[in-house]
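K.L.:
Dock chain B against chain A, hints included.
Taken in order, these protein sequences are the chains called A and B.
Take 1 as the starting number for the first sequence in the numbering used here and just add one per residue.
Take 1 as the starting number for the second sequence in the numbering used here and just add one per residue.
There may be inaccurate statements among the hints.
With a straight-line cut-off of 25 Å between C-alpha atoms, the simulated SDA-like cross-links for lysine to any residue are [what the hints assert, rightly or not]:
1) 77/A <-> 246/B
2) 77/A <-> 251/B
3) 256/A <-> 33/A
4) 77/A <-> 13/A
5) 77/A <-> 243/B
6) 323/B <-> 278/B
7) 256/A <-> 222/A
8) 323/B <-> 63/B
9) 77/A <-> 65/A
Hints listed in this document are in silico derivations from the structure and should not be mistaken for laboratory results.
Given the structure is predicted, the values throughout are model-derived calculations rather than measurements.
Read off the chains here:
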Amino acid sequence: MNARNMHDFSLIAGLLEVVGVGVEVPGRALLRAASAQFAAGQVTAVLGPNGAGKSTLMSVLTGQRQPTGGDVFLAGKALAAYAPIDLARVRASVAQETQVAFEFTVREVVELGRYPHRSRPGKSGADIPLQAMQATAVEHLQHRALNTLSGGEKARVHLARALAQVWEPAVGPASAQATRWLLLDEPTAALDLQHQHRMLQLVRAWATAQGVGVVAVLHDLNLALRYSDRCVVLQGGEVVGSGATAEVLTPACIEKVWGVVAHPVAPQGGAAGPSQYLFEAPI
Amino acid sequence: MKALRHGDHRRLPASLVLAGGVLLLALSFVIGSARGAYAISPLQLWNVLLDMLGGSTQPTPEHLVFMNIRLPRLLLGVAAGAALGLSGALMQGLFRNPLADPGLIGVSSGAALAAGMTIVLGSLWFPEMPRTLGSWTLVAAAFTGSLLVTMLVYALSQQDGATRVGLMLLAGVAINALAGAGLGYLTFLATDEQLRNIQFWLLGSLGGARWSAVALVFAMVTAAAGSGIALARPLNAIALGEAQAALLGVPVERVKRLAVLLTALAVGAVTATTGIIGFIGLVAPHCVRLVAGPDHRIVLPGSALLGAALVLAADSVARTMVKPAELPLGVLTAFVGVPFFLLLLRHFKSRL
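Excised from the complex, chain A in its bound form (with noise of 0.2 Å):
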């Protein structure tokens, strides 16, 4: 519980964070005094079990459903004293599913996430739309309506919107909370194989290369072992474990909180890697 003292976290500009936050609504809890850290330059998975509590979860971080208790913090300060066009210079998220109203093509949905920064252009005529298509290979499809799209395609023109949005680190009076944060809810849902691990080494780059924090609800817990620095696991609207990954996804918790037994597999000619599991069907 005193993940700020890790060294990993001594910087409190670079932390996004909930304190015994609860979630309810009539008769039921959807999060129980959660508390959790999120890290700039990291990757953190959100796992559990569905309706463990994720997409609520991700909600808070977004700031679209208020706490019925606890807390919010972004850079040591609530979450609510920001003005909601500071937040989206430095904040975009995709999530689980964007219906997209009209026949708007795949250029004008990515070109919404320069919305923010539409008082500001970015410097030196830089293309942005163009190069967030290209980063998640939807530039082929600029001209197409998104509607017409496959699921998986929509997911990556929705990543590049999102990509648009914090593009460039944030200038001007804002800039205090300079880190940019990337809030997915399962990206790779609707992803092929190849695409699945696309994504996520994009994003893995983003927070290394770039400083930024990217959280992102995984139903794989082995993509979430090979690209997530750290994990928070929700059970019932309760965070059961956090820490780096690979010590969190033990055989032992994956089975107490899935039901699922897990067998670790060497990687293949003992290549240094993440370690994977092999999970049994349950019966």
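P.N.:
Then chain B, alone, in the frame of chain A:
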């Protein structure tokens, strides 16, 4: 150039679409100036314009007809069509629903109910009202009615300090049905003459155009259009959903309030002076979207231009088809608008 690269989603460039809208409006304005119970030839029209500029002392009959009857009527038509087209685009963008139209939030049904009450009950309950307000009685009552009903729908859609558009949609449908029932009861009470008055009011007409009313409506619609077009970029972001728009820094609640307010004022003022003009608010935004794409920076001004052109075209036909009598405008807007819409639909159906 750019349009050609759109491939299967070919769109016309914004400048071309807006220029086309202006041209269409100018064309229907000129045709509307010339045609009518008293036809004015293009040459006579030219002379009237020269007279106006020269300050002639001996006005010709054409001059009198054009200045006192036709011009205010045309300007009211422009204001009405622009208000309906723009508000339709605002509502469709706000509700993220292509079936929305300005009537959805109760503007038209409120005006209709109030107009019906004035026609049927006004002389009974407030016999002195027509004396004090004169011909403004019906207009003032209808405008008040439209604002009150819109406010009611808006109030019913509030939840936890926010406006829920899903709730607004349902509240609008319910309140519209209630207003319809009220109007139905009024027609049951009405005498034959009152019934005819209600019926004509419901079908709309630009016949009541007087300079005083036209100036007022025109000013309100111009103000509403000015603020409405500023909502284009926020409405584009709202196409991603309200939640995502808020995360992009759009003041969603303010946009919703402003869109509803502008629609209530512009369409309320228009409907109060003309009666109900259907179909324009629904069809104009679709037409623009089909040829230019969904960007509200084009859809909002384009719908206003196209709405104005369609109303003028419909009114030209309404005035001349059975002259010296007039057909109800509401009948004509559907007769003119539907084929136009179906034609576009046929041409662009692959896009839907």
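K.L.:
The structure should be examined with respect to each hint, and the outcome stated for every one.
P.N.:
To see whether the hints hold, each was checked on the structure:
At roughly 20 Å between alpha-carbon atoms, residue 77/A and residue 246/B fall within 25 Å of each other, so this suggested pair holds. Of the supplied pair hints, the one linking residue 77/A and residue 251/B holds, its CA atoms being roughly 22 Å apart against a limit of 25 Å. Distance hint between residue 256/A and residue 33/A is fulfilled; the C-alpha atoms sit about 20 Å from each other, no more than 25 Å. For the given pair, residue 77/A sits about 9 Å from residue 13/A by alpha-carbon distance, which is consistent with the 25 Å threshold.
Taken as a hint, the residue 77/A and residue 243/B pair is honoured in the structure, with Cα atoms around 22 Å apart against an allowance of 25 Å. With a CA separation close to 23 Å, the supplied pair residue 323/B and residue 278/B stays within the 25 Å bound. A hinted pair counts as satisfied when its Cα atoms are at most 25 Å apart, and residue 256/A with residue 222/A qualifies at roughly 17 Å. Of the supplied pair hints, the one linking residue 323/B and residue 63/B holds, its CA atoms being roughly 20 Å apart against a limit of 25 Å.
Taking the CA atoms of residue 77/A and residue 65/A, the gap is about 17 Å. The hint holds against a cut of 25 Å.
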